[in-house]
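S.K.: Can you build the whole structure from these sequences, using the hints too?
Chains as they are written, first to last, in numbering that gives the first Met the number 0: chain U, 0 to 252; chain W, 0 to 472.
A hint or two may mislead.
[Stated by the list, open to error] Here are a few chain W residues that face chain U, going by a calculated C-beta distance under 10 angstroms:
no., residue
1, 4
2, 14
3, 153
4, 465
5, 467
6, 470
[Claimed, not checked] Simulated crosslink set (BS3-like; lysine-lysine; CA at most 30 angstroms straight-line):
no., chain 1, residue 1, chain 2, residue 2
7, W, 323, W, 395
8, W, 153, U, 134
9, U, 82, W, 395
[What the hints assert, rightly or not] FRET-style restraints, in silico, Cβ to Cβ:
no., chain 1, residue 1, chain 2, residue 2, range
10, U, 218, W, 457, 31 to 39 angstroms
11, W, 0, U, 187, 28 to 36 angstroms
12, W, 470, U, 48, 15 to 23 angstroms
13, U, 21, W, 464, 21 to 29 angstroms
14, W, 208, U, 133, 13 to 21 angstroms
15, U, 120, W, 353, 49 to 57 angstroms
16, U, 63, W, 164, 51 to 59 angstroms
17, U, 204, W, 472, 55 to 63 angstroms
18, U, 63, W, 187, 48 to 56 angstroms
19, U, 140, W, 201, 22 to 30 angstroms
If you're looking for bench data, these hints aren't it; they were derived computationally from the structure.
Every residue gets a Cβ at the ideal spot worked out from N, C-alpha and C, and that includes glycine.
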Amino acid sequence: MSELPLQSTQPMLEAVNLTKRYEDGVLALDRVSFQVRAGEIFAMLGGNGAGKTTTINLFLNFIEPTEGEARINGIVTHLEPLKAKEQIAFVSENVMLYANFTAIQNLDFFARLGGQTHYTRDDYHNVLLRVGLAKEAHHKRLRGYSKGMRQKCGIAIAILKNAPAILLDEPTSGLDPKAGHDFIELLASLRAEGKAILMSTHDIFRAKEIADSVAIMNDGKIIMQRPAAALVDTDLEQLYMQYMAGRSSELVG
Amino acid sequence: MLRILIEKEIREIIGSAKFAVIFGACAILILTSCYVGARTYQANRAQYEAAKAENLRQFEGMTDWFNIQQHRIFLPPQPLASLVNGVSNDIGRTTEVWGRGELSAQDSKFGDEPIYAVFRFLDLEFMFQVVLSLFAVLLGYDAISGEKERGTLKLSFANAVPRDKYILGKIIGSLTALTVPLVVALGIGSLLLPLLGVPLSGDDWLRLFLVILTGLLYFAAFLTLSIFVSARTERSSNSFLVLLVVWILCVLIVPRASVLLAGRAVNVPSVDEIAAQKARFQQQQWHEDRASWSNFKPTKSDDPNAMMDELNRYMEEQADIRDKKMQEFTARLNEQRYNKQVEQQNLAFSLARVSPAATLSLGVTSLAGTSITLKDHYNDEAKAYQSLYANFMKEKTGTNPGGRMFMFRAKIEDGEEVKPEPINPQELPEFEYHQPDLAQSISAAALDMGLLAFFNLLFFAGAFVSFLRYDVR
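M.R.: Okay, here's the thing in structure tokens:
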């Protein structure tokens, strides 16, 4: 697994006219296109059913696109899923992991599953400390962990995989403000390492705070996509509410 | 990759509280069934020895072998029958042996002590068939659907994990984690047997090994079935429900229903019907014989002993003729009944073999020598003994004890009655029961062991194919 240079111009994550229509006829994603380069964070905002998780599932090849392609480092996910997955780490909305395992055991299993067999116990302790998990908790079974603690383990697993791209599905959902803040700092450091990060979130403020590009999704479409720099003086919450209320046509202009 | 998945599976199962509780219960039950089996064997052995001694004691003080007409033989308790009861408690264990005629075993364990028939025994077969299969379901029902519910499946497949390796790792890991501790418990239980006074021959050890192997194949079949069903369902609660229904059908319904269906489909004449026909024929024979007795004219009417000897010989000749006719008639009836029974049994067993539970029962009872053929085998052994006994008595008395009249004979020498010496009952030939040949037992169990292996492959393939299309989200 090779790490890409920080200032790569090639997109690490790319959706090209990505479309997904389910067997029951529901159009979950409608010709979505975007790019995320190394060292960039791309935030997808939107309500439930907007298509954010479907987009992530297409990148993970959990489902296949009806049309279009999801590419990771140039690899089309539904054509070469295993090769594509070597380039990606994933943190779900509600990281559960194995409740009978300790944090270290969970890390060890998922790191080795991700092809990283060279880590030592110290590496596991260090990464857990880096994500903010106190040392006393490292050897405790996850059964007694809070959601925030499990989320930290999930991030640690993603870091250990050392993949050039990271997918985050609602990563700050249910975290307390301090944990949310710590998480954003962590994302910033990962970006600084050159990771391309695609994040779906409901959290407008965190998105504005950390993302390099923000897209608002509704009914399977990207209805607004702007670089963060263009949103500095914009009330993103108001903008989001307006788009959600269906005023996209007048606002886009 | 496969190794990582297998290791994870083993570690996850062994570290779970569910496993600790279930395995603890299994180990206790397995050891208990071995202990109970050993104690039962010892108690049965003591009863057997006492009955044998009592049988010989009744002849003590007798002075003429001529006065012994019949005696009893007993089916000796077999070490493996205590672990795999099969039909051993249902069939008669005591047989009255005359010099000739039909043999019928009486006094079954359940007949003598009906309390045991109410709930049956906690033997190894019960352990496998009911307890371990249920535990396999409890340990495997959420193998895939549970991982999906917990979100670990999604996280695992965010990595470059081929699905075939994942399901292979799951199945191999589960089988290893669950069967190795069982093997340990079964091994300890088996080693306890000789320590508890159950003598096991080389043959017995091999039989016991094959019984355990068959039981493990059965356990593995339920485990792979559980993983298969789990890979066909989205929620573990649904998987559990489906498996519970399948378990009830396999363990409780199918074996019983197949016997009922076969009973309906093939009509076997009842024992009473046969007995009535035999009785009628016998009565007819007696009437015919009685008419011929008036033709008996002793040649030496002045010597009472010679006259009685002559009468005995005549009666024996009559008995031989009567016995031959009766034997032919009985053989015909028995053969007809036996053929029908075999037809019914074959149908019942073929239907029942759809269920792994029935297959297990048929396999392990064949290996332990306690299958449905035990009754016929014991009868054959008793028949072989009967001719041995008849020859012995003929040597001692000059006649077969089955056809003569009971009488008192006095030995007269020089016109005086000689005080007779008591006979030694220990001279009676001993009944030696031989278990069915090991090769014969293995050959009888081979179909069932093969079927259990086939069930494993079938469920394995089902789980494999289902998981290749499983929605891991």
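S.K.: All the hints need checking, so say for each whether the structure fits it.
M.R.: Do the hints match the structure? See the list:
{"no.": "1", "hint": "4", "verdict": "holds (8 angstroms)"}
{"no.": "2", "hint": "14", "verdict": "holds (4 angstroms)"}
{"no.": "3", "hint": "153", "verdict": "holds (6 angstroms)"}
{"no.": "4", "hint": "465", "verdict": "violated (17 angstroms)"}
{"no.": "5", "hint": "467", "verdict": "violated (13 angstroms)"}
{"no.": "6", "hint": "470", "verdict": "holds (8 angstroms)"}
{"no.": "7", "hint": "323(W) to 395(W)", "verdict": "holds (23 angstroms)"}
{"no.": "8", "hint": "153(W) to 134(U)", "verdict": "holds (27 angstroms)"}
{"no.": "9", "hint": "82(U) to 395(W)", "verdict": "violated (92 angstroms)"}
{"no.": "10", "hint": "218(U) to 457(W): 31 to 39 angstroms", "verdict": "violated (46 angstroms)"}
{"no.": "11", "hint": "0(W) to 187(U): 28 to 36 angstroms", "verdict": "holds (33 angstroms)"}
{"no.": "12", "hint": "470(W) to 48(U): 15 to 23 angstroms", "verdict": "holds (18 angstroms)"}
{"no.": "13", "hint": "21(U) to 464(W): 21 to 29 angstroms", "verdict": "holds (23 angstroms)"}
{"no.": "14", "hint": "208(W) to 133(U): 13 to 21 angstroms", "verdict": "violated (52 angstroms)"}
{"no.": "15", "hint": "120(U) to 353(W): 49 to 57 angstroms", "verdict": "holds (52 angstroms)"}
{"no.": "16", "hint": "63(U) to 164(W): 51 to 59 angstroms", "verdict": "violated (21 angstroms)"}
{"no.": "17", "hint": "204(U) to 472(W): 55 to 63 angstroms", "verdict": "violated (28 angstroms)"}
{"no.": "18", "hint": "63(U) to 187(W): 48 to 56 angstroms", "verdict": "holds (52 angstroms)"}
{"no.": "19", "hint": "140(U) to 201(W): 22 to 30 angstroms", "verdict": "violated (48 angstroms)"}
Of the numbered hints listed earlier, those contradicted by the structure are 4, 5, 9, 10, 14, 16, 17, 19.
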